[in-house]
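Student: The primary structure of each chain is shown beneath.
Number of protein chains: 2
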Amino acid sequence: MEKWRAAHRLLRYSSKNLFDRQLNPNFRNSTHLSTSGMAYNMNRFVGNLWGVHCRCLSSVVTATQRNPLFSTINSDDIRYFKEILGEKSVIQDEEMLDAANSDWMRKYKGSSKLKLQPRSTEEVSQILKYCNARCLAVVPQGGNTGLVGGSVPVFDEVIINVGSMNNIISFDKVSGTLVCEAGCILENLISFLDNQGFIMPLDLGAKGSCQIGGNVSTNAGGLRLVRYGSLHGNVLGLEAVLANGTVLDMLGTLRKDNTGYDVKHLFIGSEGSLGIVTKVSILTPPKLSSVNVAFLACEDYISCQKLLLEAKTRLGEILSAFEFLDTHAMDLVVRHLDAVRNPLPPSHNFYVLIETTGSDETNDKEKLEAFLLRSMESGLISDGVLAQDINQASSFWRIREGIAEALMKAGAVYKYDLSLPVEKMYNLVEEMQIRLGSAAKAVGYGHLGDSNLHLNISTPQYDDTILAEIEPFVYEWTSKHQGSISAEHGLGLMKANKIHYSRSPEAVQLMVAIKKLLDPNGILNPYKVLPPSLISQS
Amino acid sequence: MEKWRAAHRLLRYSSKNLFDRQLNPNFRNSTHLSTSGMAYNMNRFVGNLWGVHCRCLSSVVTATQRNPLFSTINSDDIRYFKEILGEKSVIQDEEMLDAANSDWMRKYKGSSKLKLQPRSTEEVSQILKYCNARCLAVVPQGGNTGLVGGSVPVFDEVIINVGSMNNIISFDKVSGTLVCEAGCILENLISFLDNQGFIMPLDLGAKGSCQIGGNVSTNAGGLRLVRYGSLHGNVLGLEAVLANGTVLDMLGTLRKDNTGYDVKHLFIGSEGSLGIVTKVSILTPPKLSSVNVAFLACEDYISCQKLLLEAKTRLGEILSAFEFLDTHAMDLVVRHLDAVRNPLPPSHNFYVLIETTGSDETNDKEKLEAFLLRSMESGLISDGVLAQDINQASSFWRIREGIAEALMKAGAVYKYDLSLPVEKMYNLVEEMQIRLGSAAKAVGYGHLGDSNLHLNISTPQYDDTILAEIEPFVYEWTSKHQGSISAEHGLGLMKANKIHYSRSPEAVQLMVAIKKLLDPNGILNPYKVLPPSLISQS
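From first to last, the protein sequence lines are chains A and B.
All residue numbers for the first sequence refer to UniProt numbering, where the first residue is 1 and numbers rise by one.
All residue numbers for the second sequence refer to UniProt numbering, where the first residue is 1 and numbers rise by one.
Treat the hints with care, as some may be off.
When chains are identical, the list treats them as one kind, so a pair holds in a single copy or across two.
Unchecked claim - Below are the DSSO-like pairs computed for lysine-lysine, each with C-alpha atoms no more than 30 Å apart in a straight line:
1. Lys287 <-> Lys365
2. Lys415 <-> Lys306
3. Lys409 <-> Lys480
4. Lys365 <-> Lys173
5. Lys365 <-> Lys88
6. Lys129 <-> Lys516
Don't read these hints as lab results, they were simulated from the structure.
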């Protein structure tokens, strides 16, 4: 037990640089194999990132046709937009459009000729009213950090980027309610609140670029969900603009408000396909001073499960993260990332990262140490270390957060973001490994505290035969075990046609009916979220 | 400071008996002044409860006409229902119907001639499909403990009571996910979970009678919201039957699931007007062993506010209740309730009840005592006691929970359930008192931690002049300060026509459109939630 050491106040390591293209020149300069016709051959897209032959986020996307009912932009449209927005907010410059047409992984690429940058709700309303009347399709865009092709055009949709709408409107310290515009960058909100003694209830690796409007529109999960719950619980109100330009003011700031149907939830997680979120009201928790991070080893998956249950009961109110990785993930990180090392002897099958956040350093430390001692004695943990300073805590988080990067460096990778009942979660990794044999390595890690598995299949190079072994098996297995094929990333373009694996036909039918009710011309983020074939049916 | 005493493990006092008619023979036998034509004269209803002349939950309800498009039941209908449900589940007995036609306060009374008791989702589906085809209006009913007339018929609607659907389907200890049928009584779920080492994320005074389907349909708030948030965050999935009999299976059990629009939220808080909830999947927190209750005095409202902010920051993760009452509420309780006494000298303007719940008794106690000492030294608290056993804790809760009963005993009472920004909340009580002068006493108490004010106007007897002074002033004031006219009770029949005070016309229009989409014949819980005039417009 000498490894359990006193913990100092720690700040979680920020993983912003994983998402910051500036830091990786290879990324920015990576060979870009996408073409303007990419939507037709996305299932054959092979990227070349970090200088290795790989394929990111594999999924067979059914070929999509441009909806012929949509107009194409003409000079009158441009003139109108310049009139209402001013010259500078109407972007036609090719280089600027190129960035907005691609997602950050350069997996998806559209061919939009126009990006608009409204500065107010009124301007968003005017744009949409016009586009709806002209039947011009649009794609709402925030920080463009999504992983499923939700925030980039598929064809020539008009890009509406709300990044210029980035004002904090109000903050109430008594209730902790923050009201701000949709274009506020998450990290800026985190900094603002830090000065007030509060935190955001969500935290993401992409926080340096992603915007709160996008977070809400995609119901972003992230690192604090196990503690503070989802945005459906934390978003108190929002303002959204419908396809026809109607401004829906639902910007309440109250925790309790049972006045009619709570329709704001329709806009949380609908990926901009029902309306464009323009303002957000969000409940923020007070900042707590004591943070501890432990890195632990378990010999089998059942011990990880039992440890989670113990942590929920015994750490209860101070538990703020419960992450896990298997030995394959650890091997990859240690092998491929500089200056990352396993703080424990390398003989374990599973590793768990536990973070606690509380208001009293002494009490929290005592509680955590008692829990660790007990878990060690009962055999749930076979080894472990408790961070004693911010650098150690950062190095533990770096292991967990470096897995995606290590996988990309190792070769081709097929990525799946799944929710599964905790007790069945790792069975999928094992079954997948048996299915694939020596041809590939199945790697499992993720947010165990939220039942969220990141299943990654690592191979030396991309291979159609392997993909055929993985899909649709992975979706069928997930569906059979009442899991979700989209835990925290949304469906976007990538999985619009996969929705039936996790939703009943009746539920999908209701979604389609709501889409048609709110956006009869289907101009908002077309081809995404719902199967286009269902939307085009009259 | 000798008043801060060591705390023992406490269980919160159960307020079930406040809602249990069996315990109060006066209630059951109280003169029942309602008539079958009550919907037309509800604004004149004067009840006689507990033997005093009083008027509960005052609100001017616009006279409602029976929708002539609805059919009336005939012998063929009865035959059909007996065929699918069996004789025993088709209730036509007058006495049994009488109970189901009235709410627990006997304020609202319908004249239904038929109550159906389905035992399965399939039976609910068959009933609704038939009623929709026949254009027979229905009212979904659970425990019938609502306060706004949402769960009783207005005219001759068919009552569908899901109380026979009361099975627990599954419980997963690792994730804490409980799946059960809608008719499960909340207290039974609490007992079941207690044996498993878990708790429900909501707790209500009405728990002995209310059902989880009704809790979800009304988005019930209650005593644990400040800690665990609303049902929009805690309900992981549900099954609902639409007006046309379509069964919507959205019974997911996952914390993260971004697969399309999260349409389950439409059924949380829509008071059965969009569908009947038949099954619920809910996230339950682990039971924590250490509970402490403190009863404190503050000299002014600003101190209560500051104390709340301090409690959120310093007690943070263990705070589980923050309730307040003014000196008028305390006077009423002490004067009208037997065996209730003020544990502090009676010279204070405000009182605050703080409860903490955590996993470590010693640590929690130290944390709470340090907070109390600090608050005393800074002058936020002028006096206080910390419960040292379960009886003391119960007696503190009895003060807070006895206010409604004391008000009823004191005379006529006009009750309003409002959400308001914390810093403005008590201004309304003060302004109301100035407005009413010596004719009435304005009493303020409620869930300060949730910004939820229970404003009660106490007068010796009911008086139209006083009502005219209160309404619409109270709604206008609430609206002007961005509050909600319906914090945790819903709109029901009582406030269907008041929705515009807390919702924009565009938001109401969207609600109406969704109602028409899901229930084109308007058979589900008619005349409730939304203004009937908007629903009948084609």
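Student: It remains to establish, for every hint, whether it holds in the given structure.
Tutor: The hints, checked one at a time:
Taking the shortest Cα distances, Lys287 and Lys365 sit within 30 Å of each other both inside one copy (17 Å) and across copies (21 Å). Only within a single protomer do Lys415 and Lys306 lie at most 30 Å apart by alpha-carbon distance; the minimum there is 27 Å, versus 48 Å between protomers. In the homo-oligomer, the alpha carbons of Lys409 and Lys480 never lie at most 30 Å apart, since the shortest distance is 32 Å inside one protomer and 58 Å across protomers. In this assembly of identical chains, the alpha carbons of Lys365 and Lys173 lie at most 30 Å apart whether taken from the same copy (28 Å) or from different copies (26 Å).
Taking identical chains as interchangeable, the C-alpha atoms of Lys365 and Lys88 are never at most 30 Å apart, the minima being 54 Å within one chain and 60 Å between chains. Taking the closest pair of Cα atoms, Lys129 and Lys516 come within 30 Å of each other both inside a single copy (16 Å) and across two copies (24 Å).
Violation of the numbered hints given earlier is confined to hints 3, 5; the remaining hints are satisfied by the structure.
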